[in-house]
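> If you read the sequences in order, they're chains S and W.
Just so you know, we're using our numbering here: the first sequence kicks off at 1 and counts up by one.
Just so you know, we're using our numbering here: the second sequence kicks off at 1 and counts up by one.
Please keep in mind that the hints were generated in silico from the structure rather than gathered at the bench.
Any given hint might turn out to be false.
In this list, chains with the same sequence are indistinguishable; a pair is considered to hold if it fits within one copy or across any two.
No farther apart than 25 Å at their CA atoms in a straight line, the calculated lysine to any residue pairs in the SDA-like style are these [said to hold, decoys possible]: (1) LYS267 <-> SER252; (2) LYS256 <-> THR214; (3) LYS232 <-> ASP61; (4) LYS232 <-> LYS243; (5) LYS2 <-> ALA52; (6) LYS267 <-> GLU239; (7) LYS76 <-> GLY182; (8) LYS232 <-> GLY179; (9) LYS232 <-> ASN202; (10) LYS77 <-> ALA160; (11) LYS287 <-> LEU260; (12) LYS51 <-> LEU260; (13) LYS71 <-> SER191; (14) LYS184 <-> GLY296; (15) LYS287 <-> GLY179; (16) LYS267 <-> PHE242; (17) LYS300 <-> MET26; (18) LYS256 <-> GLY295.
Values in this document were obtained by computation on a predicted structure and should not be read as measured data.
2 protein chains.
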Amino acid sequence: MKIAVDAMGGDNAPEVVVQGAFQAAMEWGVDVTLVGDREAIEAYLPAGGDKASIQVHHCKDVVRMDEAPLKAIRQKKDASVAVAFDLHKKGLVDAVLSAGNSGATLAAAILTLGRIKGIERPALTGILPSDNGRVILIDVGANVDCRPIQLFQFGLMADAFARTTLGMTNPRVGLLSIGEEGGKGNEQVRSAHDLFRESHLNFIGNVEGRDIFTGQVQIVVCDGFVGNVVLKLSEGLAEGLFKMLKEEMLGSLAGKTGLLFNRRIFKKFMKRVDYAEYGGAPILGIKGVGIVCHGGSSVKAIKNAVKMAHDLAMEEIQTKLSQQLK
Amino acid sequence: MKIAVDAMGGDNAPEVVVQGAFQAAMEWGVDVTLVGDREAIEAYLPAGGDKASIQVHHCKDVVRMDEAPLKAIRQKKDASVAVAFDLHKKGLVDAVLSAGNSGATLAAAILTLGRIKGIERPALTGILPSDNGRVILIDVGANVDCRPIQLFQFGLMADAFARTTLGMTNPRVGLLSIGEEGGKGNEQVRSAHDLFRESHLNFIGNVEGRDIFTGQVQIVVCDGFVGNVVLKLSEGLAEGLFKMLKEEMLGSLAGKTGLLFNRRIFKKFMKRVDYAEYGGAPILGIKGVGIVCHGGSSVKAIKNAVKMAHDLAMEEIQTKLSQQLK
Chain S
1 MKIAVDAMGG DNAPEVVVQG AFQAAMEWGV DVTLVGDREA IEAYLPAGGD KASIQVHHCK
61 DVVRMDEAPL KAIRQKKDAS VAVAFDLHKK GLVDAVLSAG NSGATLAAAI LTLGRIKGIE
121 RPALTGILPS DNGRVILIDV GANVDCRPIQ LFQFGLMADA FARTTLGMTN PRVGLLSIGE
181 EGGKGNEQVR SAHDLFRESH LNFIGNVEGR DIFTGQVQIV VCDGFVGNVV LKLSEGLAEG
241 LFKMLKEEML GSLAGKTGLL FNRRIFKKFM KRVDYAEYGG APILGIKGVG IVCHGGSSVK
301 AIKNAVKMAH DLAMEEIQTK LSQQLK
Chain W
1 MKIAVDAMGG DNAPEVVVQG AFQAAMEWGV DVTLVGDREA IEAYLPAGGD KASIQVHHCK
61 DVVRMDEAPL KAIRQKKDAS VAVAFDLHKK GLVDAVLSAG NSGATLAAAI LTLGRIKGIE
121 RPALTGILPS DNGRVILIDV GANVDCRPIQ LFQFGLMADA FARTTLGMTN PRVGLLSIGE
181 EGGKGNEQVR SAHDLFRESH LNFIGNVEGR DIFTGQVQIV VCDGFVGNVV LKLSEGLAEG
241 LFKMLKEEML GSLAGKTGLL FNRRIFKKFM KRVDYAEYGG APILGIKGVG IVCHGGSSVK
301 AIKNAVKMAH DLAMEEIQTK LSQQLK
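Isolated chain S, as found in the complex:
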């Protein structure tokens, strides 16, 4: 298994990306191919360690964060993210990971690798901590305007993914809406509800915003607009709440004292809610493995995402998805 890492993508690329990939290679022996400007990459490759599992595939172009994704992918054939997916298409690597322009990563993945037969729209899959294990949120930003059948397919893909890769036995699937009854929600959701109800999935009906992280539901289906708002809101709110709490604590002696006792607990807790633990969001529905990482990914997030890419490739997720979809 070889994982191509877009070394030039991300707010802190190539430094953070190269270091994260390096750590994954060193700790878990994952074979990594860093794609991008050789000189820039090698400047950040730590000295020492057995580098047998790290290769550099040189290319000179980059898709910037603010570029129009589709246009960039069509025009910049030598951009790192395009080259990485090209290596995947040719069978030279088994998965691709990028923390760069996420629209461009999606476009490159879909245009280069193609869709799994029967899937109308590949989707970006968020894996988040819940009160009771993990919760999958699909779609978190690939498709902003979805038809009901596409929402239904998101549910099918996430179900297959949860079973094969996350080891969930009969994941509870919910449709994100604004009321529990099937008649509640917008037109898109009301129609999708019927498709889910008549399917073989373990469909628990509509779920609301407050249910997402409670653990009652393991797969939350929504369009990419709503999912992206939910994802970013959750990250922002968790950070914001702790900032506020810390401010309150540091404002009094009792608070400061309490903080001393709780520092370790805060750390443990932050680890539980930290997206970096999960690394990245897989693109489900493509003929291959693609992972989209947060632009501001830390070294740890990249490292964990490389591991996830490796695991997905090992699991042959796309083969299993195709089979389940039949």
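Once you have looked at the hints, place chain W on chain S.
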């Protein structure tokens, strides 16, 4: 100023509603008319206190939480929420508040009082705490499928509301989307972006989920589907995070000790993020004052919502809205 309170609406009605209204009347001298079954209401009216400012308007019917809103309002002319808005229409009260079936409250408000001239769709307005004061989220559930012009009108209404009622001088208005650039988002949001950009509003562009509670933006515009998901997610996440944190703390001696020091701070913090402090969500765009409260509202939430209804009626919000809209 007289405030009609739907005494029969809410998960814990009439008990909690009657007590909240009673406290508002006693503490702030707000004139309250409790609408609903006289016997049931009087059973919960606390003894003592000067009850000059509390009246009961008897009616025998109720809209249940799970009823189809429009049908219920059309058929149950004697339901408490319908009667309350009827009193408003006749000029016998100046505002209405209900913690019952929110769809029915909206339907009664719009059908009975009518819309302000020029407003296509009245909207439900969430008022939430942010890092830097308050943030208005509009719409939080009245309209699930919106056209761009309707989103734009939500912004206009919230702007007028923020200026006249919340004392904001030049509120920063943002459009909730999934990327900062104007070209990002779904079709609805991309078109609305142009309307906002060309308006006189203090439009700061698109905002993302993570920006909602940072205080950078004071009015967040979105459709009622997205807004309702955001509202309920925020409530749920804040509660969930604290539950998790508390579990971690109670699991160790250091944690338990720290918790002793921090109990007061936790309380203070919860007060900052507690929706009950804000009481309810005003319906903007109707010819009158209507407040929708959470079904599970506490006594405090009802009390604060009665105060808000009173303030909005004093401010003659609908007159000011009409003027600003011209």
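> Hint by hint, note whether the structure agrees.
So, going through the hints one by one against the coordinates:
1. Within a single copy, LYS267 and SER252 get their C-alpha atoms as close as 21 Å, and across copies as close as 14 Å, so both meet the 25 Å cut-off.
2. Taking CA atoms no more than 25 Å apart as the test, LYS256 paired with THR214 passes between copies only; the shortest distance there is 24 Å, against 31 Å inside one copy.
3. When the C-alpha separation of LYS232 and ASP61 is checked against a cutoff of 25 Å, the pair qualifies neither within a copy, at 29 Å, nor between copies, at 43 Å.
4. Proximity of LYS232 and LYS243 under a CA criterion of 25 Å is satisfied in both settings, with 16 Å inside one chain copy and 21 Å between copies.
5. In this assembly of identical chains, LYS2 and ALA52 lie within 25 Å of each other by CA distance solely inside one copy; the values are 12 Å within and 79 Å between copies.
6. Taking the shortest alpha-carbon separations for LYS267 and GLU239, both the intra-copy value of 13 Å and the inter-copy value of 19 Å come in at or below 25 Å.
7. Taking the closest pair of Cα atoms, LYS76 and GLY182 come within 25 Å of each other only across two copies (24 Å); inside a single copy the shortest separation is 46 Å, beyond that limit.
8. For the identical chains of this complex, LYS232 and GLY179 are neighbours both inside a copy (22 Å) and across copies (11 Å), given an alpha-carbon limit of 25 Å.
9. Within a single copy, LYS232 and ASN202 get their C-alpha atoms only as close as 27 Å, which misses the 25 Å cut-off; across copies the closest is 24 Å, which meets it.
10. With identical chains, the CA atoms of LYS77 and ALA160 are never at most 25 Å apart, being 33 Å at best within one copy and 50 Å at best between copies.
11. Proximity of LYS287 to LEU260 under the C-alpha cut-off of 25 Å is found in neither arrangement, the shortest distances being 50 Å within a copy and 55 Å between copies.
12. For a Cα distance limit of 25 Å, the shortest separation of LYS51 from LEU260 qualifies neither inside one copy, at 41 Å, nor across copies, at 51 Å.
13. Taking the shortest alpha-carbon separations for LYS71 and SER191, only the inter-copy value of 21 Å comes in at or below 25 Å, while the best intra-copy value is 33 Å.
14. Taking identical chains as interchangeable, the C-alpha atoms of LYS184 and GLY296 lie at most 25 Å apart only when they sit on different chains, with a minimum of 19 Å there against 37 Å within one chain.
15. With identical chains, the CA atoms of LYS287 and GLY179 are never at most 25 Å apart, being 36 Å at best within one copy and 27 Å at best between copies.
16. With identical chains, the CA atoms of LYS267 and PHE242 are at most 25 Å apart both within one copy (11 Å) and between copies (14 Å).
17. For the identical chains of this complex, LYS300 and MET26 are intra-copy neighbours only, at 13 Å inside a copy versus 57 Å across copies, given an alpha-carbon limit of 25 Å.
18. Within a single copy, LYS256 and GLY295 get their C-alpha atoms no closer than 34 Å, and across copies no closer than 38 Å, so neither meets the 25 Å cut-off.
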